[in-house]
Every structure is written in C-alpha cells, then in structure tokens.
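Read top to bottom, the protein sequences are chains G, C, F and W.
In this text, residue positions in the first sequence follow numbering that gives the first Met the number 0: the first is 0, and each later residue adds one.
In this text, residue positions in the second sequence follow numbering that gives the first Met the number 0: the first is 0, and each later residue adds one.
In this text, residue positions in the third sequence follow numbering that gives the first Met the number 0: the first is 0, and each later residue adds one.
In this text, residue positions in the fourth sequence follow numbering that gives the first Met the number 0: the first is 0, and each later residue adds one.
Honestly, the hints are just simulated from the structure, not real lab data.
Every value quoted in this text rests on a predicted model; they were computed, and no experiment measured them.
Every residue gets a Cβ at the ideal spot worked out from N, C-alpha and C, and that includes glycine.
Be a bit skeptical, because a hint or two may be false.
What the hints assert, rightly or not - Partial selection, computed: residues in chain C whose CB lies under 7 Å from chain W: (1) 28; (2) 62; (3) 155; (4) 295; (5) 300; (6) 303; (7) 325; (8) 343; (9) 345; (10) 354.
4 protein chains.
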Amino acid sequence: MKKLGILTGGGDAPGLNAVLRAAVKTAVRSYNCEVIGLKDGYDGFLAPGGIIPLGREEVRGILPRGGTILGTANRGNPFAREVLRDGEKVIIDTSNEVIEAIKKQNLDGLIVIGGDGTLNIALELYRKGVPIIGVPKTIDNDVGGTEVTFGFDTALETATEAIDKLHTTAESHHRVMVLELMGRDAGFIALHAGVAGGADVILIPEIPFRYKAILDKINRRVQSGRHFSILAVSEGAKSIEGEQIYSRAGNEIYVPRLGGIGQQVSDYIAKHSEQETRVTVLGHIQRGGSPTPYDRFLATRYGSAATRLAAQGKFGHMVSLQNGHVVDIPLAEALATPKRVNINGDAVRTARDLGICFGDEK
Amino acid sequence: MKKLGILTGGGDAPGLNAVLRAAVKTAVRSYNCEVIGLKDGYDGFLAPGGIIPLGREEVRGILPRGGTILGTANRGNPFAREVLRDGEKVIIDTSNEVIEAIKKQNLDGLIVIGGDGTLNIALELYRKGVPIIGVPKTIDNDVGGTEVTFGFDTALETATEAIDKLHTTAESHHRVMVLELMGRDAGFIALHAGVAGGADVILIPEIPFRYKAILDKINRRVQSGRHFSILAVSEGAKSIEGEQIYSRAGNEIYVPRLGGIGQQVSDYIAKHSEQETRVTVLGHIQRGGSPTPYDRFLATRYGSAATRLAAQGKFGHMVSLQNGHVVDIPLAEALATPKRVNINGDAVRTARDLGICFGDEK
Amino acid sequence: MKKLGILTGGGDAPGLNAVLRAAVKTAVRSYNCEVIGLKDGYDGFLAPGGIIPLGREEVRGILPRGGTILGTANRGNPFAREVLRDGEKVIIDTSNEVIEAIKKQNLDGLIVIGGDGTLNIALELYRKGVPIIGVPKTIDNDVGGTEVTFGFDTALETATEAIDKLHTTAESHHRVMVLELMGRDAGFIALHAGVAGGADVILIPEIPFRYKAILDKINRRVQSGRHFSILAVSEGAKSIEGEQIYSRAGNEIYVPRLGGIGQQVSDYIAKHSEQETRVTVLGHIQRGGSPTPYDRFLATRYGSAATRLAAQGKFGHMVSLQNGHVVDIPLAEALATPKRVNINGDAVRTARDLGICFGDEK
Amino acid sequence: MKKLGILTGGGDAPGLNAVLRAAVKTAVRSYNCEVIGLKDGYDGFLAPGGIIPLGREEVRGILPRGGTILGTANRGNPFAREVLRDGEKVIIDTSNEVIEAIKKQNLDGLIVIGGDGTLNIALELYRKGVPIIGVPKTIDNDVGGTEVTFGFDTALETATEAIDKLHTTAESHHRVMVLELMGRDAGFIALHAGVAGGADVILIPEIPFRYKAILDKINRRVQSGRHFSILAVSEGAKSIEGEQIYSRAGNEIYVPRLGGIGQQVSDYIAKHSEQETRVTVLGHIQRGGSPTPYDRFLATRYGSAATRLAAQGKFGHMVSLQNGHVVDIPLAEALATPKRVNINGDAVRTARDLGICFGDEK
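Isolated chain G (complex conformation) (with noise of 0.2 Å):
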C-alpha cells in the first residue's frame, strides 16, 4: 500500500479529525503508506488545490478539536451535482469525472468518513472500481449496521446539558420548556438526553404521538403539584393526527414553515392549559465542540482500522463496532437497513417505567 485516499462528507461531527489522525499516524507509522486528503468532499478531486498532502505534521494537535480540516460539503454528489448552466441550476452527473480524476491519483485506498448520503455516493463509486473503505459518521446515530457512530456521544452531551439548564428555569418560573433537538428520522439524542436529563415527555420519529396525550401528562404533573414540565422533542418528531389539529395561539393565519416541530407543540400546549411555555431550538450547536472522551476513543480505532482494512484490500468495507469490538461489514449490508430506536427495547420500556410520556399513551 503506497497511497491513500481520504476526505469527509456531510454535516461534520465532533471526532472527524481524530479519524483523520488516526488513519494517517497508521498509514505513515505502520505501512509507510503517504496519505492525500481532499477538501470539501468528492468535490475536492476536481477542483483546483483541493487535493492536499496529510503528513504527521498536518495531523498534529488536532485529537480534540471539533469539525474536520478537510471541510466538508453537503451538495458534493458526483452523481448529482447542481451546477448553473445559462443562469438556471441544472442537476447533472460528474462521476465519471470524479472517477477518472480518482484513477489519476493511483490510490490504493479511498476512506470516505461520512453518514447515509456520503456513504450510499461511496458504495455506488465502489461498485464502479474506486478502493473505498467506510467509516460511519452521524450525529444522529441513524447508521445501520454499527451499534453507534462517532459523534453522538458529544452531541447527546450538549443536549442534556441544555436540559440541564432549562430544569432550573421550569422549576422557578413554574414553566413549561421545550427543546427541539436534532433528529430527523432517528430519535436516539432526544430519547438518550431525555432520560440522562430527566426529561418528562419525549417525542420522536419513530413513536407518532397525540398532542392530547401529551396535554394530558402536563396537567396530570400539575395536579399532584409539579408545575413546570421538560419536553425533549427530535425535530423529525409527528403527530399521528397531521399538523392541522393545532393553530398558533392567538394568531389568525399559521404560517408553519416558521415554526418547526418543537414550536408547534409548545403553541397547543399554551393555546389549551394555563401553562406558560418557551421554545428552544439547540441546532447546530450539536454538531460542535471538542468530542468527547468517548468520541474520540472510538473514532481514533475506526480511524486506524480504517487504514488496516485498506491495506488487507477489503474495499467496499465499512468499519463498525459491534459488541465493544471495531470489526468490519460489506457497506453494501450496512446501508441496507438504516438505524432506528427499537421502540420495544429495553430503553424505551425504561423510559415508559419511569412515567416518561412518548405521546402515545391512551
């Protein structure tokens, strides 16, 4: 192995450099294999300067530091790309630029750190002859075929640390606060944070909820004296009854595509009891900051796994962990069944015991 390949895409995670650490300290101290990274994605083949060296030096220091210095792009699908042709955006496909562009640069390898998206691009670039090994990257931890991705240690960290911070308020103020948490067809940082925080409803993607159900369990903690509630809400989160069934309070028209999910329970709860609530929308903080201890354990081994999976020629490979163990997977397998909440496992059932509301109850 005399060349490789790496780059990341899609949303960045706390734990993208120290893949990127690790990946080059192995492929450099153990294979004294060179390493080029590219920036911004695919995008960085074919665009001028955006292939750069990745030596020790360039990966020095940057174990607990957040985001990837490679950058990162979500429009770059060589199979997709959206260029301005005559002043109109028009969707065409560069794979077969980018392909040629990675046959040029003779890799041995190509690591492609991404989620869903990046990864699904690397599959089809594999199944045309590009080297690519995988390694799995979300926030949201909705990857299949690993038991937890790099990044959502952290993510899940910020998260309850906000609820945290909104139980003092609730408690003084006598309020009901609702965090609106990233999510969007997994629920794990809500259902994880609402747990660790103390949340007491919890509302995500995979469990359609009842904005009564959730009416109710506010005014039962009301009645037995508890009158401030924690609502941890994924943004993916919805209602079984659609949106029409609530109105901004007081407000004639409803404009829904200002308000996302967490502002539109927050408005039926102040519409229907006398609870006062507010609204907050934690973003893209998630996505930053140094990663966790956790994080960047995991990520250093998918990291360096990652360069000894290329140098066993085991391409079309995702690493994973399974069991405490980094192993590997077909990618093709892994992206098979993207991951959800097991709504019978046992960390629902816990949540159910401990009279968390998921908005379904009768």
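Assemble the complex: chain G is given as a structure, and chains C, F and W must be docked to it using the hints.
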C-alpha cells in the same frame, strides 16, 4: 435583629441559591436570627403557603444549583398587579395589601434579590417604610451601581461555549453563523462572549449598526480566504436604518414578529451575498446551569453582606462590587442610571483593534 | 411483588443515584411496590436507623448527582466483619445475623449495586436464600459479564480532561508529565484516557513494562524535536523487572511505601535523562462529579431493569449491557472471570499503530 | 512603531496565548507594526532559533488554547543564569549579553508577560534602557498593582470542580477529604474555591493555623451529624506551632520532604480522630486547560492594551485591571507590594460568617 425575610424576583439567574444560602447561614450563625422565605417574589406575602421557614437545613446543598428554591415571578408587581375581573385583565395597585402583610410578619429586614424591575419595586416599598436591603441580580449585567452582577459570568460561559461550538461548523462548512444572545438593553453578553469566542462581528444595543457594514466585513473576509464568519448579536441590537431595509430572502411577505434580530441579519446576508447562513437563538439556556465559581463566590459574598447590612439597619441600600470589594450604596443612586457598555472604554477599543466589526464602521 | 430492598456497596461511582431513582420509580409506578433503602451497604440491616423508606419524593432530583444518597461502606462484609473485642480488632462472620434481619423485612427482592467485592457477597447471600438482584458498578470497568459498567465513562472524562490540561504545561515547559490514574487490576481508564488524550506512553496492569522501553520512547521523541511527553499510568501497572531497578534520584534511602508507580516512573526518567518530570496522582476526583449522559442513561436502564428482574423472580442474576441492550446473566457466571483489557484487541492494536508505547517494546 | 518583541516567562497560565494573539493583531492591524516572538522567555534572545516572526497567521486559532506557543522557562534569569562550567553548576550574570541582543533587534518595545519573578527582571532591564511593557500573569493572583491577573479564574474553576467532585465521595463514604491547592504565598485559590465549593475548612498562608482548631471543627461537625468534611489547603499554608507537632500516623521516622502540608494535616486528623481521611494534591492540572471566558476576555484586553502602551512609549509600565477598566501603572509601583488575601476584607469575613474554619479560631 430577630427576623429577616428574603425573596427572589424577575428572571432566574445562576447564583440565586448561593445568595439565599449565605444570607440564611449568616443570619442564623452570626446573629441567631430567624429567616423566612417568600415564594414567587412579592406574591409570597399574599398567597396561601407563600411564606416558608428558611433554616440551615433548607439551604443545605443548594450552593452549586441553578435557579431559586423560592421560585420567582415575572409579573408580581404589587404596584401593578394583573388580575382577572369579570373575565378581563385589569391592572390594580395591591401595594398596601403587601405592606400590611409585611408588617404582620414583624420583619427586621427584607432582603430583595432581583434586577432593575424588582429593585425599583423594592425602592418604592422602602419609601413606604419597608426595611429593604437590595441584592442586584441580572444575566445581562445591566444593573447600575455595581461593577458586576452575579449570574453574568455563568451566562457568559454558556454563550462563549456556544460560539466555540459554532466555530467548527462554520469553518468546516464555510458558513456564516449568527448567534443571538440575551441583552435587550445592554450588550455585555454579546461583547464579552464575542471577544472571548473570537467572533468577527458583534452587534449590541449601544451601537446601532448598518447592514451594509456587516456585509462588507464578511466580504472582506471571503476575499482574504476566510470563507466563514461568526456573528454574536444581542437580542436588543438595532439597525440605524430601521426594519424596512431587509426582507426574508425569496419571501414576498415580510413577517417581522416571527424572527428576532439574529434572523433578520442572517436573512440580509443570505440575500445579499453568496454565503450560506445559519441562525441559533440561544435563549433560556443562558439563564440555567450550575453557577461558575466566580458567580458562587460573588453571590455568597452578596448574600452574607446583605444580612450584615440588615443587622446594621442600612435599609434602602444595595450590596455592590467596587474594585473587588463588596460594599453598599443607596438603591436610589444605583437605580438612577442603568449600566450600559461603555462604547469608548478599553473593551470596545480592544475589539476594534482586533478587527471585530460593530456595524458602525464607514 | 410488595417490598423491595436496595443498597449500594464499595467505592462510590457516578450513577449510583440514577440507579436508585430508576429502580424506585419503576417499582412504585409499574408494580405499586414499596421500596426500602439500606444505609451504608449491608450494615444498614443491622445498624439502628439503617433502614429508610425510598419513595418518589426521596429520589426526586438525584439523577444528575454523584455519590449515593444511601451512603456506602468499604468494610461492611457480613461474612467477615471487623469488630473491636477487648480492644482488639477481630474478624467475625455476621452473615446469619444479616440474613435474619433480611428475612424480618419480608423482602420480595434485594437489589445490590456494587463492584466485584459487593457482588461476590451478594452471590453468597443468594446461595443462602436471599432473593438477590445484582447491578454492576465500577469506576475501573473490571466487572465481568457486561460490556461496560456505569461510572466508567465519567471517570474517563475526568481523566481525559486532566491529560488535556497537562498537555499545555508539558508543551510550554518541555516536561515529562506523569499522570497516575485509577485501575488496580484493569487498565481501562489509562488506556481509554491515554488514547483519547493523546498520551505518548500508557502503562497498564495487563502489560508488564520495562523502564528502559519508556526511556527509549521519550528519547526518540526528544531526538525528533518533541521535548515533552505525557504518560498515563494505571496505579496497578507493574514493571517486569520488579521494584529494585529504580531509586529515588539523589536519595540514598529508598522509601517505597510513600510513592506510587507514577512517582517511581517519574523518578527513573529524572535520573536517567535530561528531562524535567512532574507527577500528578488524580486520586479520588475520578470517583466524583455529576455522571455523564452516557452513565446516567446506562445507570437508569440498569436500575429499572433490576426492578423488572425482581418482579420476574430472576434472583441470583445481574443486569448487564450486551451489544447495546440491557439483558441479564447469572451472577455466578459474571463473577467467574473479572474483566481485563484485551491486549490483543483492536484498541491496544490501534494504540500501537499510533506509536503509543506500552513499555513492552523491544 | 515598527518592531515589537514579546515573550512569556515563568509558569504557564491559561490566557497566555490570548495575550499574544491580541498584542500581535493590534500591532499589525492598528499600527502596521512587525512583531517577533522570543522562545522560552529571555532565553530566546540568545538561543539559536530563539526568535520567530509572529504575524496574523501564527496567532490564528490560539485564543482558546492553554499554555503558550512561545514556550516558557522557569530558570531563564539573565541576571543569574545557571550554567555548567567544568562540570559544575555556577550562576553568572548574562544581562549585558541579553541587552546587547535586544539592541541588535532594534525593538521599539518589548512586551514581557509574566509573574513577580519575570516582571522584576523586566524592571531591571527597563532600568538598563530596555523599552519594557509588562503584562501581569499568575495562577495565584499574587501580583500587586492589579485587581486580578488572567489565569486565576481558570485555576479557580479547576479547583472548585475538584471540590465539587470530592464532595460526593466525602458524603457517601463519611470521610475527611483534604485538597491541596496552589498558592505558595497567597491563598486566593484556596479561599475562592473553598467558598465556591462549600469547604468546611480553608487554610491559607496569610492566616497561620493551629492543628487543634481544625480538629475541633471536624469534631463539632461529627457531633451535629455531619460525618464528612472538606478541607481546601493552600500549599503555602503554615501552622503556628511549626512542623514538630504532628507525626505520620504509626510511623516512627518522620520524612517531611515527602509530604506537603495537605498530607500533614490529613495525618494529624487521622491520628487524633476516628475519621478516615484522604488527600488529593491537585498540582499542575491547575495551570492547564482552555482559559475561561473571563480569562480570555481579560487576557485579550491586556494584550491589546500592552501594544497600545508601547505605541504611546509608556515604557516601564504594566497593564492592570482597576474597577473593571484596563489601565496602566509603573512596574516599580506594582511590584513594590505583592498581593495577598486581605484577612480583614469582606471575603474572609463572609467565610467566617458561614462557619468556615481558618484554623485560627480559639
């Protein structure tokens, strides 16, 4: 001194419990004095169950906890209480009732912990004969007569941590990240957190800004190869030009009520530049959490000093930090001029020397 | 199920309170079952006032707090209790007395939260007829039969933060910084924190080291221009050569009792190189603090699962984490093989690939 | 002003990099002035490669990082340098050599960031004609002429967090926990962290203590049912009685060199009471870590102000914080009286009112 009362008013702030603990411990230990706590601000004098005994047991273990064990109320102004009469909200003066209730308690002093609003009420009550001692409290640091108020340092830590976290996403994704912070009238949080977090633009109420100046700063950064920017914006920041200059990108009808100044600034940049933008409104998280050691130390000194002031009979005074020492000044004097960022002071000068844009540049 | 007992034994660990809260809430809500808490481990059955009721009020607000509201005792082994008799310490078997006391309480189950020592006692009691459910707890992560124990992640965070802090001093002062961490028999804390913190040398009980190998590593770093090194050392790390090889620099008489292995390693390096060295023994700080979200979530699931196990009558079993799920296994099986770092696993392999020295290199 | 030099001396402190960044950015942006950095304190003028250019690129991203990118040296006193001559250590005066080297650089100003030692050397150099500007830096907060030095707030946070963590173990295990903190001559860290962390005993150099007074305090706590105590002890705390009063429990030969004052206090309590005790020496961890927002803000203002002072030609002056403003005072004046805890001030008074024992009680 045989009996002290104590209450917390206005928005909650980290350190309230530390003040309570220190005031109570000092009263009990050094003066063998009984203390009662009023629940939910001045309301506690009137509401059934609103008066509770505060002894050493009640304040045990609360030093590191955010919020207030007494609860607080934003609306409990005895001089202008909102009540329902025949189904309609009316404002009535209940101050005589409150003063009567206070007299009944035979208090040798009433310690009031609060911000501008709560302390102005306290001053009125003092003028009507209530033996008031004030303790200044704000997240925003906008109470006059003192170098700093407790709660500010903790809010600053939360705000700076948010900027640190946004930095990695901004850099990795080449984005403009706008962070809206607390500060309706005073820009201390945005100024301090902005400087401490390395923001590129800081917008505060004390310095009206022009949108164009912000855009120029962002464009200059892009030209010098810095494709991201961080903006720290006080919720009370205002444009010189007023509100009509910007409009929601690609949105015919402008709905000003729904977006704060952070959103407006973000919309303007998105419309007038190539930069991708994102807004985060940090909100109530800034009020929460365990107080920093700085705030715990200051709040403890305030609480203890307030009890000593009561023992000396220095009513109508407020504890205050002056050049590192806790002293006291008349409430009337402290409240005469609210505190604002000194726009000619060394802090703003330093920020300008570092190249930070305040939006008033030509 | 009408009545459950619960106790915490051994060294305290972050998450104990979260287990108590979840076990109690699950018992009360889902099984309408009464719970009693035993103070200071098994001692609670015998000491006056050692049994207290645990209801929802008693466990309110304890989720984020370190330590245990029940107290714990390191010496309370009912099978070998140290007592004073005629002024001398003697060891006596008080197990029958304890078993009698347990019977008197008419418990339908006794949940025991503890490490190896506490759980082995629990197993003995189970064999004598006590309806025991075990919950594994260690800072060191050395209990067998489970992927991980709660408390470890928090200790790891504290240890890694310490390494992060030592890094800046090491670099600024060109020093060798030695950090001694917990781990008498298992090196998990030093291994994980060492990798997560970017240590240069990691010494663990599972890999006996040679002093010379450490020195060589440090010298190689100096030769390549890195004039500082960070060593993460388990308190139970041992040299192959035994203790006689080193001696306190410039000190004729060697006093082994007074310095741990961290001090010994530091002395050796100071004596045999030009490098300035400093030792920090992190000690009990590793046991404290608010549990991380990871530990709170795991501890909560453990507590709730323990109550459900009791309801199912699966006595003599312990809750356990397997591939992300909380399951249960027989205590006898779990305790048969204590957990140790797998020195052929991917984590150690990764550390070696990164160039980290374990002291067994040739 | 065309060329500035800058160096950091003495023990490292969080915020050094923030000073460097602000000084450099202000010099480059506002004065178009070149800056050179000296590596490892005054040594940089003499050592090969000891002078490096500091521009905007060099200081990018260092604001939140602990330590100093310039390195520092504890021994680099130009007036009394330790050198090897014929195999023996001798002290020689190299100040003329250093002054010559400084002159060769044609500096319009030399900014020196350091504590008492480094600044006293700076004052000597100033008297010999070097255009010095001082910036005060200490963890201990013991530099005179300024309300506070940067680095102190971060050390305080680390120390308080340690007390918070020891609290849970102390309570759970019914132990006396002794925490030895930095502060050879001034007790600010122990005083502030002790009050902020709720310590029961605080021992500082400014208040000589009697062992018996500490023991009495601990026994009084036990009698009132509090079977644990927390002691915050400055490394420089001293007993009135001297060292002979205590002896290592059950140890014939007393070895004073090996245990600090924390160990001695712990030994005394263990010997004279029934209480179990544990000591933690926090050590170098107090110097490390990312500076708090407070320290970043202050350090940034100091750095920028230092450059402005140089531009004004106010040599022999030091930047200083006075009542919230950064001003300047003559170095000679600032260094005349080192800063100590005011034992009659409101902070110590408050601690006494809370029942905290300083060991001088009768």
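- Of all the hints given earlier, name the ones this structure violates by number, lowest first. 8
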